[in-house]
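Chain residues, written in single-letter form:
There are 2 protein chains.
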Amino acid sequence: MGEHAADPTHPRYRSLLMRHRLEEAASKGMLAGSALIAHGRGEAYDYLLGEQTIPSALEATREAAARLLAAKKPIISLNGNAVALAGKDLLEVAQLLSCPVEVNIFYRTPERMAALLSHLEEIKDMHDIDVEILGAAPDGRIPGLEGPRANCHIDGILNADVVLVPLEDGDRCEALVAMGKEVLVVDLNPLSRTAKMATVTIVDELSRVASNLVQLIPTAPISTEWDNPAILQSALSYIVTTMASFAEK
Amino acid sequence: MGEHAADPTHPRYRSLLMRHRLEEAASKGMLAGSALIAHGRGEAYDYLLGEQTIPSALEATREAAARLLAAKKPIISLNGNAVALAGKDLLEVAQLLSCPVEVNIFYRTPERMAALLSHLEEIKDMHDIDVEILGAAPDGRIPGLEGPRANCHIDGILNADVVLVPLEDGDRCEALVAMGKEVLVVDLNPLSRTAKMATVTIVDELSRVASNLVQLIPTAPISTEWDNPAILQSALSYIVTTMASFAEK
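Chains as they are written, first to last, in our numbering: chain A, 1 to 249; chain B, 1 to 249.
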């Protein structure tokens, strides 16, 4: 960890802590090289959000919580970055929802899958969390996708009605939407294809989102009429206003 | 490389190619984990520039070329990302200027230094470039910096009057400016401390900058009165306008 990150009063403490978690996960073989680059892109957008949960993002998180609670068969899809940044809180969310999580990664290798699954089992043991972890033996495929990234569990992502997919890529988000699922995503770039494609887009940093979900789910929020383009617009306006204010300084 | 990157007509070909170069360099041990994250931050800002050299960046590149040509003792400082993204073109720039390059990295380890130095020697051999490469045996220190990142060559960075430092961190940029040097930097974030601190800031992607320098130096441009805050303002306005236009769509 950098020299500053050990000090929780440092204004960028949390951002530096997340960077540290990613680097540690990389050293454990949990991540593809592209995962660190993707995290950096997220850092840049989060910086433009002031590294905080903006009001429209909290609204989207509340909506996601409501839809997960109302789902018949919800699931949380986890990739390497999601496990590294917010593994514990996302397992807690799954426990609150009594649903499984499924490890589903873009560059699937046996080594990376094993590293992720064992890291999640460790978290479960350490925090006494009881959640089913899928991903080891996928027996289905997401229609419309090619290669190993289409692999999934029939009893997991394939048959779920509502999927929380933090940090998803555009193709897979599109494929899940095409299957008729409600797709709830976390994406710091309000202009990304994933952000535009999803049912509900939370424009926020994942560890903050996961922690907010842990708080919100027990309050049993109710789903609303949801205007996702309006929420993206709101996030984008926030970023533009922030940058314009920098420009005036 | 991703499925698209092999196709030069793909609109994001160049960005995907740079990502590939970084991942390859990482696998050769040339980069710290933080280097990939830093590249991702750059990708996000470059996306907001439309992945192109904007007019104010070309102006800054021309000014940098002029100052390097007018210098008594110019030098190019190279870190891991600079070597990975634009090693060949930056060595060509040094050859055009008849100046040395110096490998000077933030997280200095013997293994990473060796990987970078041997990669540069390979490029020299392959392209028949005759440039002195410093960095292996630093005998001086940059005043005001702590730890191994202060190490430099007396006959290199320490005594240079004009330093091109692509992708520099804020502290070192500040330390070099405090030594009275002209510091020319490449930084995709016009709000960064490095960008604000430098004598001339080129807000552009490094491989484009290096290629532009190779073109511009033989035209022997002349240095001007230089208003760096105005150039940063111009880059920021460009980004804000781009995002605002996305917001209107």
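Please keep in mind that the hints were generated in silico from the structure rather than gathered at the bench.
The reader is advised that the hints may include incorrect statements.
[To be verified] Below are the SDA-like pairs computed for lysine to any residue, each with C-alpha atoms no more than 25 Å apart in a straight line: (1) 88(A) <-> 147(A); (2) 196(A) <-> 100(B); (3) 196(A) <-> 49(A); (4) 196(A) <-> 196(B); (5) 196(A) <-> 226(B); (6) 196(A) <-> 34(B); (7) 28(B) <-> 246(A); (8) 28(A) <-> 88(B); (9) 196(B) <-> 50(A); (10) 196(A) <-> 240(B); (11) 28(A) <-> 196(B); (12) 196(B) <-> 110(A); (13) 28(A) <-> 111(B); (14) 196(B) <-> 246(A); (15) 196(A) <-> 111(B); (16) 196(A) <-> 242(B); (17) 196(B) <-> 13(A); (18) 196(B) <-> 114(A); (19) 88(B) <-> 100(B); (20) 28(A) <-> 100(B); (21) 28(B) <-> 114(A); (22) 72(A) <-> 225(A); (23) 196(B) <-> 72(A); (24) 28(B) <-> 113(A); (25) 28(A) <-> 155(A); (26) 28(B) <-> 70(A); (27) 28(B) <-> 115(A); (28) 28(A) <-> 33(B); (29) 196(B) <-> 215(A); (30) 28(B) <-> 109(A); (31) 88(A) <-> 242(A); (32) 88(A) <-> 88(B); (33) 28(A) <-> 106(B).
Bear in mind that the values here come from a model prediction, so they are computed numbers and not experimental data.
Tested hints:
1. For the hint pairing residue 88(A) with residue 147(A), the CA-to-CA distance comes to about 29 Å; that exceeds 25 Å, so the pair is violated.
2. Distance hint between residue 196(A) and residue 100(B) is unfulfilled; the C-alpha atoms sit about 48 Å from each other, more than 25 Å.
3. Distance check on the hinted pair: residue 196(A) and residue 49(A) sit about 18 Å apart at the alpha-carbon level, within 25 Å; holds.
4. In summary, the hint linking residue 196(A) to residue 196(B) is not supported, as the alpha carbons are separated by about 34 Å, beyond the 25 Å threshold.
5. Restraint check for residue 196(A) and residue 226(B): the C-alpha separation of about 42 Å exceeds 25 Å, so the hint is violated.
6. Between residue 196(A) and residue 34(B) the CA atoms are separated by roughly 29 Å; this puts the pair beyond 25 Å, and the hint is violated.
7. The suggested pairing of residue 28(B) with residue 246(A) is violated, with an alpha-carbon distance near 39 Å, which exceeds 25 Å.
8. In summary, the hint linking residue 28(A) to residue 88(B) is not supported, as the alpha carbons are separated by about 33 Å, beyond the 25 Å threshold.
9. The straight-line distance between the Cα atoms of residue 196(B) and residue 50(A) is roughly 19 Å, inside the 25 Å bound, and the hint therefore holds.
10. Of the pairs offered as hints, the one joining residue 196(A) and residue 240(B) holds, with about 20 Å between alpha carbons and a cut-off of 25 Å not exceeded.
11. Straight-line distance between C-alpha atoms of residue 28(A) and residue 196(B) comes to about 37 Å, which puts the hinted pair past the 25 Å bound.
12. With a C-alpha separation of about 46 Å, the suggested pairing of residue 196(B) with residue 110(A) is violated against the 25 Å cut-off.
13. Distance check on the hinted pair: residue 28(A) and residue 111(B) sit about 20 Å apart at the alpha-carbon level, within 25 Å; holds.
14. Among the hinted pairs, residue 196(B) with residue 246(A) is consistent with the structure: their alpha-carbon atoms are about 12 Å apart, no more than 25 Å.
15. A threshold of 25 Å between alpha carbons decides the hint, and for residue 196(A) with residue 111(B) the separation of about 43 Å lies outside it, so the pair is violated.
16. Note on residue 196(A) and residue 242(B): the hinted pairing holds, with a Cα-Cα distance of about 18 Å set against a maximum of 25 Å.
17. Simply put, residue 196(B) and residue 13(A) have alpha-carbon atoms about 22 Å apart, close enough for the 25 Å limit, and the pair holds.
18. Taken as a hint, the residue 196(B) and residue 114(A) pair is broken in the structure, with Cα atoms around 45 Å apart against an allowance of 25 Å.
19. A threshold of 25 Å between alpha carbons decides the hint, and for residue 88(B) with residue 100(B) the separation of about 14 Å falls inside it, so the pair holds.
20. For the hint pairing residue 28(A) with residue 100(B), the CA-to-CA distance comes to about 38 Å; that exceeds 25 Å, so the pair is violated.
21. At most 25 Å may separate the alpha-carbon atoms for a hinted pair to count; residue 28(B) and residue 114(A) meet this at roughly 24 Å.
22. Of the pairs offered as hints, the one joining residue 72(A) and residue 225(A) holds, with about 19 Å between alpha carbons and a cut-off of 25 Å not exceeded.
23. A C-alpha spacing of about 53 Å is found between residue 196(B) and residue 72(A), which places the hinted pair above 25 Å, so the restraint is violated.
24. The straight-line distance between the Cα atoms of residue 28(B) and residue 113(A) is roughly 23 Å, inside the 25 Å bound, and the hint therefore holds.
25. Distance restraint check for residue 28(A) and residue 155(A): the Cα-Cα separation of roughly 29 Å exceeds the 25 Å cut-off, and the hinted pair is therefore not satisfied.
26. Taking the CA atoms of residue 28(B) and residue 70(A), the gap is near 49 Å; set against the 25 Å cutoff, the hint is violated.
27. Restraint check for residue 28(B) and residue 115(A): satisfied, since their Cα atoms lie roughly 22 Å apart, inside the 25 Å limit.
28. For the hint linking residue 28(A) to residue 33(B), the alpha-carbon distance of about 12 Å falls within 25 Å, and the restraint holds.
29. Taking the CA atoms of residue 196(B) and residue 215(A), the gap is about 40 Å. The hint is violated against a cut of 25 Å.
30. A C-alpha spacing of about 20 Å is found between residue 28(B) and residue 109(A), which places the hinted pair at or below 25 Å, so the restraint holds.
31. In summary, the hint linking residue 88(A) to residue 242(A) is not supported, as the alpha carbons are separated by about 32 Å, beyond the 25 Å threshold.
32. The straight-line distance between the Cα atoms of residue 88(A) and residue 88(B) is roughly 44 Å, outside the 25 Å bound, and the hint therefore fails.
33. Taking the CA atoms of residue 28(A) and residue 106(B), the gap is near 22 Å; set against the 25 Å cutoff, the hint holds.
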